[in-house]
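From first to last, the protein sequence lines are chains A and B.
Take the first sequence: its position 551, counting from 1, is numbered 551 in this note's numbering, and each next residue is one higher.
Take the second sequence: its position 318, counting from 1, is numbered 318 in this note's numbering, and each next residue is one higher.
Hints may be right or wrong, so weigh each one.
Below, in silico cross-link-like pairs of lysine to aspartate or glutamate (EDC-like), each with a Cα-Cα straight-line distance of 16 Å or less [claimed, not checked]:
#	chain 1	residue 1	chain 2	residue 2
1	B	K149	B	D181
2	A	K59	A	D70
3	A	K78	B	D101
4	A	K59	A	D71
5	A	K59	A	E69
6	A	K101	A	D52
7	A	K86	A	E69
8	B	K25	B	D181
9	A	K119	B	E381
10	A	K132	B	E212
11	A	K119	B	D46
12	A	K86	A	E108
Everything labelled a hint here was simulated from the structure, so no lab data went into it.
Every value quoted in this text rests on a predicted model; they were computed, and no experiment measured them.
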Amino acid sequence: MCPSSTSNSRGVSPDGLIEVPPPRPTPRLRALVIGAILVANGSIVLGTTLVDSFWRLPKPSLVGIEKAEDDAMHRNAKWSDGSMAKLIEHHLRLTSRVRKKLAKPYTEFLFRSLRETGKTVMAGREGMLFLKERIQTPKAPPELGATREAAVQGAISRRLAALGMRHILVPVPRKGVVCQANLPMGVDARRAFDEAVVPAMRARGVECVDLLPALEGQDPTKMYLRVDTHWSTQGMQRSAEAVAAQTGLLAPLGERRGHVREVPAITTAPVGDLPVLMGIQLRESDAPTYNCPMVEVVGDRLETMPLGDASSPIALCGTSFSGHGLFASFLSHYFGIAVDSHAILGGTPHASLAEMLHAREASGWPEVVIEEIPNHLVQAMALNVPSWVVFQGAGDLFASFPPPHTVDLPVWDKILATSAPLGTPLAVVDGRVAAEVGPGWLGRSGEGALEFVIDGELTAGEVRLDLGSDKALLSIPWSTGRKRVVVPALSEQASSEPIRLVIATLTPEASFVLHDFHPVISAAPSTVEAGSVSPLEAKGGGFEQSIAFPPGLRFGRHDTLVVHTTEGRESAEGIELVVETTAGDRAVFPFQTLHPNAWIVVQPGAFAGSELADVRVSGRTASGQPLASFVQSAAWYRLSVKPLVH
Amino acid sequence: MVFASGIFLYFFLPLFLGLYYTCPKRWRSTIIAVASYVFYGWWRPDFVLLMWLSTVVDYTAGQRITRLRERGERGKAWLYLSLVTNLGLLGYFKYFNFGVDTLNAIFAPFGGPSLHFATVVLPVGISFYTFQTLSYTIDVYRGSAAPVKSFQDFMCYVSLFPQLVAGPIVRYNTLADQLHDRSHTRSKFYRGMLAFQAGMVKKILVADILGELADAAFAGDGLTAGHSWLGALAYTFQIYFDFSGYSDMAIGLGLMIGFQFPVNFDQPYRSISITDFWRRWHISLSSFLRDYLYIPLGGNRKGVVRTYINLSLTMLLGGLWHGANWTFVAWGAYQGFWLVAERLSGKSSFYAGFPRFAQIALTFVLVIFGWVLFRAGSIDEAWAYWQSLVGLGSGQGQLALRPIHGVAALGGAIALWLFPTTQQLLYQANLRWAVPLQAAFWLSLIHLHYVSHVPFLYFQF
Chain A
1 MCPSSTSNSR GVSPDGLIEV PPPRPTPRLR ALVIGAILVA NGSIVLGTTL VDSFWRLPKP
61 SLVGIEKAED DAMHRNAKWS DGSMAKLIEH HLRLTSRVRK KLAKPYTEFL FRSLRETGKT
121 VMAGREGMLF LKERIQTPKA PPELGATREA AVQGAISRRL AALGMRHILV PVPRKGVVCQ
181 ANLPMGVDAR RAFDEAVVPA MRARGVECVD LLPALEGQDP TKMYLRVDTH WSTQGMQRSA
241 EAVAAQTGLL APLGERRGHV REVPAITTAP VGDLPVLMGI QLRESDAPTY NCPMVEVVGD
301 RLETMPLGDA SSPIALCGTS FSGHGLFASF LSHYFGIAVD SHAILGGTPH ASLAEMLHAR
361 EASGWPEVVI EEIPNHLVQA MALNVPSWVV FQGAGDLFAS FPPPHTVDLP VWDKILATSA
421 PLGTPLAVVD GRVAAEVGPG WLGRSGEGAL EFVIDGELTA GEVRLDLGSD KALLSIPWST
481 GRKRVVVPAL SEQASSEPIR LVIATLTPEA SFVLHDFHPV ISAAPSTVEA GSVSPLEAKG
541 GGFEQSIAFP PGLRFGRHDT LVVHTTEGRE SAEGIELVVE TTAGDRAVFP FQTLHPNAWI
601 VVQPGAFAGS ELADVRVSGR TASGQPLASF VQSAAWYRLS VKPLVH
Chain B
1 MVFASGIFLY FFLPLFLGLY YTCPKRWRST IIAVASYVFY GWWRPDFVLL MWLSTVVDYT
61 AGQRITRLRE RGERGKAWLY LSLVTNLGLL GYFKYFNFGV DTLNAIFAPF GGPSLHFATV
121 VLPVGISFYT FQTLSYTIDV YRGSAAPVKS FQDFMCYVSL FPQLVAGPIV RYNTLADQLH
181 DRSHTRSKFY RGMLAFQAGM VKKILVADIL GELADAAFAG DGLTAGHSWL GALAYTFQIY
241 FDFSGYSDMA IGLGLMIGFQ FPVNFDQPYR SISITDFWRR WHISLSSFLR DYLYIPLGGN
301 RKGVVRTYIN LSLTMLLGGL WHGANWTFVA WGAYQGFWLV AERLSGKSSF YAGFPRFAQI
361 ALTFVLVIFG WVLFRAGSID EAWAYWQSLV GLGSGQGQLA LRPIHGVAAL GGAIALWLFP
421 TTQQLLYQAN LRWAVPLQAA FWLSLIHLHY VSHVPFLYFQ F
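Please construct the entire structure, taking both the sequences and the accompanying hints into account.
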């Protein structure tokens with residue numbers, strides 16, 4: 001260590017303390033200036049205190065996601081973890097009158113002097129502005145996000161197909177990718193993400209239009225508005241043409257609805273959603289007009305076929321990219337047929353699809369559904385929110401419109417897991433973490449199969465999937481790695497019982513990524529072996545019962561053991577179902593509580609190829625009273641599973 | 001609570017100063033302690049209990065040691081109690097997760113069991129206040145400080161909010177007299193305000209702005225050599241202006257309520273060697289480590305080899321004090337290596353014969369390489385960054401440079417190499433710089449409204 005650590009410089013006392021000179025007479029002018037400095041600072045601080053204490057702004061009214069986040073912040077605020085303090089500080093910031101008064105001129109000053117654009121917006125070249133969060137994609141592998149949304153879109157396509165509709169997905173490339181040349185130096189829009197979207201969708205059987213080549217074909221910088229997040233009329237026109245051409249729906253020239261013409265660029269002050277986000281109003285000098293003429297489509301036949309015609313065979317669903325301006329008109333033009341637009345400004349594609357299905361339920365489904373989805377939403381839904389929420393969005397969509405071959409399941413319970421990495425909306429319930437999954441995803445077909453696939457990857461730890469209703473439980477242990485779980489037939493009768501999926505972590509750290517969650521399997525029992533139930537034996541304060549199956553029974557990958565409990569009045573606790581092979585392998589399936597007349601369903605697929613030796617069930621009653629019998633019957637289902645679509 | 005936030009500047013500070021200056025003198029220590037608990041407990045009230053535990057244990061230990069000494073005993077058990085309590089708190093809250101991760105990493109290749117425990121949350125400033133309370137008991141045990149006269153004074157000393165969470169580390173014997181007898185003059189208040197303003201300007205207008213660049217540089221994307229240097233420079237500026245800014249604010253707040261704290265920085269980037277750097281950087285920590293670790297280990301009194309071992313050990317532990325990560329240990333080792341090397345060459349650098357500006361430049365480069373270790377998330381990341389710096393990296397990434405980064409860097413460079421130190425400026429309190437400082441301070445207040453606050457880097461230590 002250093003032998004001496006204090007400086008001898010002026011301002012530092014010999015013992016290393018800050019030094020203040022002894023009081024001395026102060027010249028009048030200096031005293032006046034110092035007094036003025038003190039008064040000025042005191043006034044600034046106290047003035048702000050008074051204004052922001054007694055003359056606060058009303059809290060801004062929030063809508064949509066912001067409102068949901070704000071509500072969640074209020075609901076979850078606690079002193080014990082600092083969230084209450086953060087909420088108070090956040091509230092003070094939101095309602096500060098001083099802040100509001102100062103922010104606008106200061107933002108304008110920073111923008112005009114240093115081209116600073118704040119936290120949300122990025123200033124590019126040639127006066128172009130970008131939304132930061134749409135430029136900087138997360139560092140996850142580009143295909144990951146696309147794959148997750150593709151799983152959802154694949155399910156949507158299958159659902160729409162089941163209802164007789166052709167689903168065409170139109171992912172809109174991000175502005176930063178198309179206008180990469182206008183991004184500031186050193187900023188990479190991570191094009192790989194957008195390039196991964198279309199192949200991922202197509203791999204899932206989704207008919208998908210690739211707009212990237214169309215938008216980059218001529219002058220990509222003119223495809224998007226300069227100070228807005230949306231595409232220009234030229235971008236819309238080129239995209240509509242590409243949609244029609246790539247889907248085989250391009251009408252011959254003579255059958256189109258009008259003609260496309262150029263409109264001179266408007267030279268008023270630049271307006272768009274990005275200056276609004278920055279909280280400033282741009283002047284003409286801030287973003288000089290450049291040569292980007294608008295285009296529009298005009299024609300008598302367009303006007304006689306208004307948008308939103310419920311009899312149109314083509315429906316357009318989407319976001320503000322479709323809801324703004326002329327995109328639907330351009331589509332009508334290139335299709336040669338009116339388009340029924342259900343795009344929602346500020347909405348999500350799934351919400352727009354749901355709106356369309358509601359609107360068209362009575363008048364008949366359209367033949368073609370064009371779903372526009374901006375790639376930034378693919379990215380946001382896939383990477384910035386827990387994967388459960390992505391699937392929930394699509395699940396909600398079909399809650400109201402179940403495909404004909406499934407039975408609506410009215411109630412969904414929680415997905416439970418003990419580990420936080422599943423995402424922030426998860427709440428701890430009884431030491432486990434819960435997440436909501438929307439209804440409409442599980443059903444039981446007339447063929448006797450629960451149509452349900454979970455395809456996911458456990459990157460750390462171990463979990464157990466418990467799937468079932470109050471009466472039946474399917475338990476599947478899962479160790480690190482990727483797994484595709486097929487839920488087999490439970491009975492030959494369709495059911496509308498509420499189904500619960502529980503992901504219970506068996507180790508303190510578990511991280512789980514859901515890749516797919518869709519109902520595409522047809523599974524039918526090929527063989528059923530009835531088990532012989534032994535009399536119940538008292539054991540260690542509880543009970544144990546054995547189930548014997550014919551010798552030589554070998555495990556198949558999808559084989560399922562179903563145990564039906566007795567119809568007594570008392571629930572049992574601490575249930576353990578033990579399955580042993582002749583090789584000595586042993587699987588234990590624990591259940592905390594099981595009500596009378598319940599079904600235990602386990603799928604010991606890990607032992608595929610091994611020979612079954614023994615099955616035992618043990619547990620105890622809640623009251624400690626003895627039971628006459630616990631297991632009523634048991635059956636071994638030899639299942640064959642055929643994927644219909646994958 | 002952080003200094004650079006609306007809640008502190010416009011609510012806590014005016015209310016505190018109003019109360020402090022209107023109440024009778026005898027209550028002031030209590031008011032400081034209560035205000036400090038509010039300040040500290042604002043984000044996590046439960047952590048105040050930890051500080052209380054440390055306060056009560058060390059106060060009791062100090063009293064007991066004094067009484068035992070009067071009876072001719074040394075009171076070593078009370079010293080051990082203080083050591084176990086404070087180092088135990090520090091060890092558990094700061095190093096438990098690190099220890100578990102390290103054990104798991106060691107045993108994993110041999111198929112050993114993986115240990116899983118709930119993640120321990122680090123209480124802000126625990127490294128600072130445990131060192132301070134520890135220094136009190138050690139000083140009383142050594143006889144170099146008299147025991148504190150009242151519990152209120154001790155509460156005030158331990159919790160003193162201006163320097164509570166990020167230093168400077170104020171030893172008890174430094175503050176003992178001031179706790180019950182300090183002057184409150186206009187000159188002190190005015191200078192305190194100027195120091196606070198200077199710190200705020202450093203933090204808001206230089207450190208936070210350049211911090212964006214540093215964050216981007218160390219985010220893991222490979223950069224070109226040139227941009228790696230820019231990123232490392234940005235962090236070098238950020239850490240100095242952030243930490244010295246906090247120290248200035250602490251010193252300023254202290255002066256406003258009559259305390260004179262130790263100077264913590266003395267133009268460290270003008271050092272001519274690493275030895276010189278450690279005389280100027282985080283002075284309160286280096287002197288603490290010298291007096292409570294290096295010298296008790298034997299210092300330079302037990303031969304050459306032991307001196308080098310002691311020096312290296314002190315720097316390793318000093319590195320570990322900064323955080324529970326091997327990067328901090330490696331940073332300590334890196335600094336220790338240069339200190340030993342310079343001691344071997346007669347307490348001067350191997351480039352001591354160069355012109356002074358070249359010595360400063362070379363030391364600055366060595367410091368920058370050290371900061372890479374300090375900032376990187378892992379040793380591997382630091383190694384990759386070093387490779388980029390020397391042109392061996394394969395990254396082609398660039399930083400998104402904006403004009404505001406240039407303005408902040410230019411302002412920072414002028415302050416670093418052309419301005420006098422804050423303490424010199426404070427001593428003179430010359431209107432030539434006090435008036436422009438007002439403009440910069442007001443600008444920083446507006447800028448604070450414009451951006452959400454960024455926590456001080458040293459809070460994590």
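Checking one constraint from the list: CA of A:K59 to CA of A:E69, max 16 Å. Satisfied?
15 Å, holds
Below or equal to 16 Å on CA atoms is what counts here, so check A:K78 against B:D101.
29 Å, violated
Going straight from one Cα to the other, do B:K25 and B:D181 come out at no more than 16 Å?
Answer holds: B:K25 to B:D181 is near 10 Å, not above 16 Å.
Mind checking the alpha carbons of A:K86 and A:E108 for me, to see if they're no more than 16 Å apart?
With a Cα-Cα distance of about 28 Å, the restraint between A:K86 and A:E108 is violated, given a limit of 16 Å.
Hey, A:K119 versus B:D46, does the alpha-carbon distance stay inside 16 Å?
Cα-Cα ~33 Å, so violated.
Tell me if the straight-line CA distance from A:K59 to A:D71 falls inside 16 Å.
13 Å, holds
A:K59 and A:D70: Cα distance at most 16 Å?
It holds: about 11 Å lies between the C-alpha atoms, which stays within 16 Å.
Need the status of pair A:K101, A:D52: alpha-carbon distance at most 16 Å?
12 Å, holds
For a C-alpha distance cap of 16 Å, please report whether A:K132 and B:E212 respect it.
Distance of about 14 Å is within 16 Å: holds.
If you draw a straight line from the CA of A:K86 to the CA of A:E69, is it 16 Å or shorter?
The given pair, whose Cα atoms are some 14 Å apart, holds under the 16 Å limit.
Regarding the pair B:K149 and B:D181, is the alpha-carbon distance no greater than 16 Å?
It holds: about 12 Å lies between the C-alpha atoms, which stays within 16 Å.
Run the distance test for A:K119 versus B:E381: straight-line Cα separation, threshold 16 Å.
27 Å, violated
Figure legend: structure checked against the earlier numbered hints; hints not met, in rising order: 3, 9, 11, 12.
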